[in-house]
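Taken in sequence, the protein lines are chains P and Y. So the first sequence is numbered by this note's numbering: it starts at 606 and just counts up by one. So the second sequence is numbered by this note's numbering: it starts at 10 and just counts up by one.
In short, the hints are calculated from the structure, not lab data. Even for Gly, the Cβ is constructed at its ideal location relative to N, Cα and C. The reader is advised that the hints may include incorrect statements.
Which residues of chain P face chain Y? A few of them, derived with a C-beta cut under 7 Å, are [stated by the list, open to error]:
id : residue
1  : 645
2  : 707
3  : 712
4  : 714
Counterexamples of contact, computed for chain Y against chain P with all Cβ distances above 12 Å [to be verified]:
id : residue
5  : 23
6  : 25
7  : 54
8  : 104
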Amino acid sequence: AQSVTQPDIHITVSEGASLELRCNYSYGATPYLFWYVQSPGQGLQLLLKYFSGDTLVQGIKGFEAEFKRSQSSFNLRKPSVHWSDAAEYFCAVGPRRGSNYKLTFGKGTLLTVNP
Amino acid sequence: EAGVAQSPRYKIIEKRQSVAFWCNPISGHATLYWYQQILGQGPKLLIQFQNNGVVDDSQLPKDRFSAERLKGVDSTLKIQPAKLEDSAVYLCASNKDGTSYGYTFGSGTRLTVV
């Protein structure tokens, strides 16, 4: 069965510092990969996605993620964190083929940004 | 364009009571999803509709949960009777045609069962 692991439940960084959020997946074949962000009381917003091609993908708000097939990982990075980035981040996977394009989410990583 | 609308935003009920949530997807979106997000966990798909037909309800606890999407537009999710473990945020999402991952999520309904 497919699963997504986000090893870090909570990460605290200082404003201006770099950030890396980890994501590992278990899947029968290489899935489509996503990162979503959720601010308090808000729905999920798509940051970026990987379907194929260049393994380094750029997203909104200055985020990027790198797909590493050998490590079954899709880590999210940002070179300089802003206070407004404080939120919960979810990694998700979905099948390349199928009838319902269902997303499977990790448990999330809560990001706190110190001034 | 308007986003996915959900109501109510918050609901507190006692166990064994019933509750209903409403979702209005983006106009023209054929696919609608209900996700359950328990505190400390990622969202889990409960049910997916394509127009007014059910595509996937494999993780819907059918003894207490029900959902419908009349006329292929709005949808309601009902819990009857509620249990303490149903406390969660219920997220609705819609997708233009279900053949891609162009999801748009609503802000969710936070349910507390006491």
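Here is how each hint holds up against the structure:
Of the supplied interface hints, the one on residue 645 of chain P is violated, with its beta-carbon coming no nearer than about 10 Å to a beta-carbon of chain Y, more than 7 Å. Nearest Cβ of chain Y to the Cβ of residue 707 of chain P: about 5 Å, under the 7 Å cut. The hint holds. Among the interface hints, the one on residue 712 of chain P holds; its C-beta lies about 5 Å from the nearest C-beta in chain Y, closer than the 7 Å criterion. Look at residue 714 of chain P: its Cβ only gets to about 10 Å from chain Y, farther than 7 Å, so that hint breaks.
No Cβ of chain P comes within 12 Å of the Cβ of residue 23 of chain Y; the nearest lies about 24 Å off, and the non-interface call holds. With a least beta-carbon separation of about 28 Å from chain P, residue 25 of chain Y lies farther than 12 Å from that chain, consistent with its non-interface assignment. Annotated as non-interface, residue 54 of chain Y brings its C-beta within 12 Å of a C-beta of chain P; the closest such distance is 5 Å. Distance check on residue 104 of chain Y: its Cβ comes as close as 7 Å (rounded) to a Cβ of chain P, failing to clear the 12 Å threshold; non-interface status is violated.
Hint check: violations occur at hints 1, 4, 7 and 8; the rest are consistent with the structure.
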